[in-house]
Each structure stands twice: as C-alpha cells, then as structure tokens.
Amino acid sequence: MENERRRTLDELVDRYELEPDLCDIYVEGKTDKLLIEWFLDQKEHQGFVVYEIDTVEIPAQLLFEQGLKDNNRSRVIALALYIQDKLSETPLHLICIADKDFDLLFGKEYQCDLLLFTDYSCLEMYLFNEVVLDKCLRLGLRLPQPEAGEILNQVSKVLEYLFLIRATNEALELNMTWLKNFGDCCKLNKKNQIQFDSTTFITKYLNSNSNRSQESRFITKLEELRAKELIEIRYKIHGHDFTELLCWYIRPYLREEIRNSYNSKILAGSLLACIDAEKLAQEGLFQNLLARIGRYRTYALTEKTKYG
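In our numbering, the protein residues as written are 84 to 391.
Some clues are possibly wrong.
[Claimed, not checked] Mimicking DSS-like on lysine-lysine, the simulated pairs with C-alpha atoms at most 25 Å apart in a straight line are:
{"id": "1", "residue 1": "126", "residue 2": "152"}
{"id": "2", "residue 1": "273", "residue 2": "183"}
{"id": "3", "residue 1": "240", "residue 2": "263"}
{"id": "4", "residue 1": "191", "residue 2": "218"}
{"id": "5", "residue 1": "113", "residue 2": "263"}
{"id": "6", "residue 1": "152", "residue 2": "191"}
{"id": "7", "residue 1": "126", "residue 2": "263"}
{"id": "8", "residue 1": "116", "residue 2": "362"}
{"id": "9", "residue 1": "183", "residue 2": "126"}
{"id": "10", "residue 1": "183", "residue 2": "274"}
{"id": "11", "residue 1": "169", "residue 2": "240"}
{"id": "12", "residue 1": "183", "residue 2": "362"}
{"id": "13", "residue 1": "348", "residue 2": "362"}
{"id": "14", "residue 1": "240", "residue 2": "113"}
{"id": "15", "residue 1": "218", "residue 2": "274"}
{"id": "16", "residue 1": "218", "residue 2": "126"}
{"id": "17", "residue 1": "270", "residue 2": "183"}
{"id": "18", "residue 1": "116", "residue 2": "183"}
{"id": "19", "residue 1": "191", "residue 2": "348"}
{"id": "20", "residue 1": "270", "residue 2": "240"}
[Said to hold, decoys possible] The calculated label-pair distances, taken between Cβ atoms and stated as ranges, are:
{"id": "21", "residue 1": "373", "residue 2": "260", "range": "52 to 62 Å"}
{"id": "22", "residue 1": "260", "residue 2": "142", "range": "16 to 26 Å"}
{"id": "23", "residue 1": "193", "residue 2": "88", "range": "51 to 61 Å"}
{"id": "24", "residue 1": "280", "residue 2": "101", "range": "51 to 61 Å"}
{"id": "25", "residue 1": "310", "residue 2": "272", "range": "25 to 35 Å"}
{"id": "26", "residue 1": "192", "residue 2": "339", "range": "21 to 31 Å"}
{"id": "27", "residue 1": "359", "residue 2": "313", "range": "41 to 51 Å"}
{"id": "28", "residue 1": "323", "residue 2": "293", "range": "17 to 27 Å"}
{"id": "29", "residue 1": "105", "residue 2": "310", "range": "19 to 29 Å"}
{"id": "30", "residue 1": "373", "residue 2": "137", "range": "44 to 54 Å"}
{"id": "31", "residue 1": "173", "residue 2": "214", "range": "46 to 56 Å"}
{"id": "32", "residue 1": "225", "residue 2": "192", "range": "20 to 30 Å"}
{"id": "33", "residue 1": "90", "residue 2": "281", "range": "24 to 34 Å"}
{"id": "34", "residue 1": "88", "residue 2": "287", "range": "20 to 30 Å"}
Simulated from the structure, these hints should not be mistaken for laboratory data.
What you are looking at is a predicted structure, and each value in this text was computed from that prediction instead of being measured.
Positions of the beta carbon are idealized from the N, C-alpha and C atoms, including for glycine.
Go ahead and model the full structure; you've got the sequences and the hints to work with.
Laid out in structure tokens, this is it:
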C-alpha cells in the first residue's frame, strides 16, 4: 500500500462522473475488505471492487473541516461526504462502509446516501455471537468447555465498561493512548467469573498519559455516559477489546502446546472463519449492501437496454 500512488479526491470525483460502469466499495481496513469481498462472492455478486481507504489521499484539513478524527473510519466518512457534495447525482456504483463506533452513544448522525454503517459498534461485533464462538471453540480449538454463551456473558460487562472508558476519552477530547494490558486489572474468581478493577485501570490509564489531574472530570463524564440506555450490548463493545479479553479468558483452557503462542489476532481470524454468509445477510448492513447492489444492477441493465 505504501508503494502505491493514492488517488486524490478530485480524481475520484472525475472517475465516478466519467466511468459509471465502475462498481467500487471503500472500507476502513484489510479485514473489512476481505470480509466484504468474501460475502459478495458467497452471494454471487462479483463485479464490485473493494478498496481500503488507504488507497485514497484524504487531506487532514478536510477531516478538520468536517469535525472528524484522524483515523481510517473518519477517512471513509470524509470520502463519502466529499463525493456526495461534488456530484450532482448520488452514484449507485459507489459505497462507503464505516464502523458505527460511538455514534449511537453520542447521538451522532450523518446525512449521506453513499454511507453505510455497521449495525453495531464495529465489524467485529458480528463475531460476538454464540453460534460463531461455539464453532470456533469446539471445532477450531477443540474446547468443549467453557460454553460459548457463558463466556459471552462473562466478558460483556467488562467490555461495556472498557467501551465507556474509551468513549469518555473521546468525549473529553483527551487523545489518550490506550493501555495495552488491561488484563492486568482482571482476574478470575473460583467460579471463573471475571473481576475487573475499574478504579485501578482508570488510574493507570490516566497516569500513563500524564493526565491524572483529569481524574475527577473523567469519572464524572464516564458516569454520565454510563447512564445512557443502549439496550443491545453489541452497540457498546470495542472490537479490539473483545478479542483481547476473550483471548485472555480462554487461554487457561488451551492446549499446552499452543497456550503461550496463541494471541488475539489469531483468535480474530479463527472467529472470522466461523462466520456464516446467510446469517450475515440477515443483518441490516448486509441487507442494505445487497439492496444497493441490486438497485445498481437494475439501473445498469435499464441504461444498457435504453442505449442498445
């Protein structure tokens, strides 16, 4: 990716004005790209090309003007907003897909027909599923115990709290670097229930970013966000936290020969391999994606018939 020349925004505007036969989807990163490509293949929808947003040059100034953070999610959103603003008609052959992230918690919405968002906080939440996890544990890792449903129940409360801590950092615009080893603040009791020391975690988090003076303000904002009602647990879990905590939880159950080398990235790949295309097709994002592709196919066929 680093050795490829990135397309500019104006080049893309020209591209979608002059080449209506192109069928492009832009996503945040490699995992998103591979999953969307695989899903479309399973549904026999070849023809659309999926690009990582790193293939496009998104100026930092544009992100600033649109009130967006400097990350890949924001770049996908910025691309969609920019092209919609520049084109007189919304192209059916361009789709941008981004994580919902903290938008539900913050009440943030975007008016853009080119944008599709994940149903939950992020793409990884399609893996936060008892059937997917059960298949991964029993067939991929040969673990009859613990049961998938019980694991998800155990990790969910900790993951929700971690999500709210991340959201507090976002809301207060502290721009803090996340702690790598939050497992240091977790331990299992005799019933294999997770006990999370949130007070110690927050203190470490603030200290590691030289922000201990913000502790009172941080906790006040955290409790304010915690009071907001988001019924679906998958709206309030960060994908990286999910695979990290899940890996930490199952590690004692793993076979000795893989226990030390097994990590969250391997686990994330194993979970992806257990996902089912038909189940995905029942989710809102993928229904919208298929509907958008269907409308484009109909439009393209009509145009072809009209002009012979």
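Cross-check of the supplied hints:
Our distance criterion of 25 Å between C-alpha atoms is broken by residue 126 and residue 152, whose separation comes to about 34 Å. For a cut-off of 25 Å, the pair hint linking residue 273 to residue 183 is broken: about 37 Å separates their Cα positions. A C-alpha spacing of about 19 Å is found between residue 240 and residue 263, which places the hinted pair at or below 25 Å, so the restraint holds. Note on residue 191 and residue 218: the hinted pairing is violated, with a Cα-Cα distance of about 35 Å set against a maximum of 25 Å.
For the hint linking residue 113 to residue 263, the alpha-carbon distance of about 22 Å falls within 25 Å, and the restraint holds. Proximity of residue 152 to residue 191 is assessed by CA-CA distance (about 14 Å); at most 25 Å being required, the pair is judged to hold. A threshold of 25 Å between alpha carbons decides the hint, and for residue 126 with residue 263 the separation of about 38 Å lies outside it, so the pair is violated. Annotation: proposed proximity of residue 116 to residue 362 holds, straight-line Cα distance about 18 Å (limit 25 Å).
For the suggested pair residue 183 and residue 126, the alpha carbons sit about 24 Å apart, so the restraint of at most 25 Å is met. A C-alpha spacing of about 35 Å is found between residue 183 and residue 274, which places the hinted pair above 25 Å, so the restraint is violated. This hinted pair does not check out: residue 169 and residue 240 have alpha carbons roughly 44 Å apart, beyond 25 Å. Between residue 183 and residue 362, the direct Cα distance comes to roughly 20 Å. Compliance with the 25 Å bound is thereby established for this hinted pair.
A threshold of 25 Å between alpha carbons decides the hint, and for residue 348 with residue 362 the separation of about 23 Å falls inside it, so the pair holds. Proximity of residue 240 to residue 113 is assessed by CA-CA distance (about 29 Å); at most 25 Å being required, the pair is judged violated. Taking the CA atoms of residue 218 and residue 274, the gap is near 24 Å; set against the 25 Å cutoff, the hint holds. Between residue 218 and residue 126 the CA atoms are separated by roughly 22 Å; this keeps the pair inside 25 Å, and the hint holds.
Note on residue 270 and residue 183: the hinted pairing is violated, with a Cα-Cα distance of about 30 Å set against a maximum of 25 Å. For the suggested pair residue 116 and residue 183, the alpha carbons sit about 17 Å apart, so the restraint of at most 25 Å is met. Taken as a hint, the residue 191 and residue 348 pair is broken in the structure, with Cα atoms around 30 Å apart against an allowance of 25 Å. Restraint check for residue 270 and residue 240: the C-alpha separation of about 14 Å stays at or below 25 Å, so the hint holds.
Distance hint for residue 373 and residue 260: a CB-CB separation of about 39 Å, inconsistent with the stated range 52 to 62 Å. The beta-carbon spacing between residue 260 and residue 142, approximately 24 Å, falls within the hinted interval of 16 to 26 Å. Look at residue 193 against residue 88: about 29 Å separates their beta carbons, and that is not inside 51 to 61 Å. Between residue 280 and residue 101 the Cβ separation comes to about 58 Å, which falls inside the hinted range of 51 to 61 Å.
Between residue 310 and residue 272, the C-beta spacing of about 28 Å keeps the proposed range 25 to 35 Å intact. About 50 Å separates the C-beta atoms of residue 192 and residue 339, a value inconsistent with the hinted range of 21 to 31 Å. Taken as a hint, the range 41 to 51 Å is violated for the pair residue 359 and residue 313, whose Cβ atoms sit roughly 26 Å apart. Judged by the Cβ atoms, the range 17 to 27 Å given for residue 323 and residue 293 holds: they are separated by roughly 23 Å.
For residue 105 and residue 310, the hinted distance range of 19 to 29 Å is not satisfied, since their beta carbons lie about 46 Å from each other. Checked against the given bound of 44 to 54 Å, the beta carbons of residue 373 and residue 137, roughly 26 Å apart, lie outside it. For the hinted restraint 46 to 56 Å between residue 173 and residue 214, the CB-CB distance of approximately 36 Å leaves it violated. A hinted range of 20 to 30 Å is violated for the C-beta pair residue 225 and residue 192, which are about 45 Å apart.
Checking the proposed 24 to 34 Å range against residue 90 and residue 281 shows it is violated: the Cβ atoms sit about 44 Å from each other. For residue 88 and residue 287, the hinted distance range of 20 to 30 Å is not satisfied, since their beta carbons lie about 42 Å from each other.
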